[in-house]
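**Student:** Sequence:
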Amino acid sequence: MRLTTVIFGLIIGLAALNATGQDATVPPQPATAMDAGSAGAGAETPVPAAPAATPAPKAAAAAPLTRPTLVAASAINSGDTAWMLTATALVVLMTLPGLALFYGGMARKKNLLATMAHSFAAACVVTILWVVIGYSLAFAPGDTFIGGYGRVMLDGMLYIKETGMLTVHHIAPTVPESVFMMFQLSFAIITPALITGAFAERMKFSAFLMFIALWSVLVYAPVAHCVWDPSGWLAAQGVLDFAGGTVVHINAGVAGLVAAIMIGPRKGFGKEAMPPHNLVLTVIGASLLWVGWFGFNAGSAVAADGRAGMAMLVTQLASAVGAMAWMLAEWIRRGKPSVLGMVSGAVAGLVAITPASGFVDVRGAFAIGAAAGFACYWGATALKARFSYDDTLDVFGVHAIGGIVGALLTGVFAVKAIGGVEGSVAVQAIGVLATVAYSAFMTALILLLISLLIGLNISTRENQAFALMARLHVILRRETGRVTDIEYMRVDPDYFRHVLGLALEAASDDAHQLAEKLELAYLGADGLFALRPKAPLAARPAASALPLAPGLAAAVIAPPPAQAYVRGLR
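Residue numbers (mature numbering (1 follows the signal peptide of the UniProt record, and there is no 0)): -21 to -1, 1 to 549.
Keep in mind that the hints were calculated from the coordinates and are not lab data.
Here the structure is a predicted model, which is why all the values come from computation and not from measurement.
Keep in mind that a hint or two might mislead.
Cross-link-like lysine-lysine pairs, in silico, DSS-like; alpha carbons within 27 Å at most [stated by the list, open to error]:
no. : residue 1 : residue 2
1   : 140       : 183
2   : 89        : 183
3   : 250       : 88
4   : 315       : 363
5   : 183       : 250
6   : 395       : 183
7   : 183       : 363
8   : 140       : 89
9   : 395       : 89
10  : 395       : 250
11  : 88        : 395
12  : 246       : 89
13  : 140       : 246
14  : 88        : 183
15  : 246       : 363
Start from the sequences and build out the full structure, keeping to the hints where you can.
**Tutor:** This is the structure we're talking about:
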């Protein structure tokens, strides 16, 4: 309770200081002729002021673009284009390999490759769909809810070298539309990839691919159009989201919570410890996320200008403050900080500053980073424990909670001198509620459809297979040939050979040599096997030997008879 009071006191104090700082800025008054006369030594009469020159008539300003337009190459700003190409590469780096490493390190060892594969597969699926239909639905002229079909298969996006003409988008008129499209693609890739952390270790891959495809078209594209296109409904309401607090983080965080609840918890959740297996990977991934976030936030200025510079500054500051705030909360609650807590707090600060990065100054960044660190720690620990949902990698606790904090505080700390607009907490709340409601409803609908068609969860047989593969990998990777342990495992006897083959495909030559010294004995009791050192040939009945041809050909033909020994693993 005391910690909460301190947090709110800090936010209110910074808000008051922010308002005072804006009011105290008084533009200098121009000097008058009387001032000039009184300043002269011994002047008795004022010098009459010279008549002001009549200003030259200004050329009429070009009307702002309202739709993608074909322009001459001379209209393109090379500095803006170079920066946007760089920012695009930075945001792609956030997913590949940043997010893959960040999530992979926090998953359990047996799920490392599957967790990292989710990020890679999301990049592939979303790229194809974005080119085919996603970009058009998000950023082509349409109605207030969704874009039209004018950019299906990128139709009309032109670059004509002979005439020096190319298309630009009305949101980014100084860079080629192809560059703007790629920049927005990088956002479309990372958003569904974030969701995968909520159901890691338990959603089957075919269902995952279908979910990513449907969600990116039916959820992400409409929300992006509503918030970011000037004709969108939320944009017209005045909702401020500079780089994706609502479009990316609240959207993904809420979808992750719905998915975690509908898919159900992992086996043993709440009963056994499930610690991250490799925090080194997580720290490397978080570091790549931090660096890539400069492209994420500063790139959203779609120009190499002062606003981009300010966005980069407040991004760095909020991330650092968020890391320290989470660490402090953990120190108070548990008596010591942790590496995972620091990187989680840094990501929380980055999430929260995302909607505000083009609107706030350093005082706002301080407040938003601190609030995000404390709030996301609460969301990832107390809130999760209170409702007992299995959000595997805390997607809701960090991204949804952090996005909501950042979106609302943008309404408090937005500085008109930076973004050209003043914020409103009420308007920001409309954007938050609309995004939460739409994302939750559509995500549940998509998951229900997939459940009816092919199912969501990994089957019991597949779970058994994964457990067997994990144990096989542990044993096969031992460096010594002296194996004395006996490993017992329970698995479907009709399925273990396929899994055995997969384990050996990924094994090294040393592991294959070690495997020659092992035997897999089928005990004939509810699919129980024993993996143990080979018994001497003389000690086993001749009829029990089942020699294997090179590879696993013999093992694939039929399951072993009861009490038969499979000689070796190759």
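**Student:** Next, verify each hint and record whether it holds.
**Tutor:** Hint check:
no.	hint	result
1	140 with 183	violated (47 Å)
2	89 with 183	holds (15 Å)
3	250 with 88	holds (18 Å)
4	315 with 363	holds (21 Å)
5	183 with 250	holds (23 Å)
6	395 with 183	violated (48 Å)
7	183 with 363	holds (24 Å)
8	140 with 89	violated (52 Å)
9	395 with 89	violated (51 Å)
10	395 with 250	violated (51 Å)
11	88 with 395	violated (49 Å)
12	246 with 89	holds (14 Å)
13	140 with 246	violated (59 Å)
14	88 with 183	holds (17 Å)
15	246 with 363	holds (17 Å)
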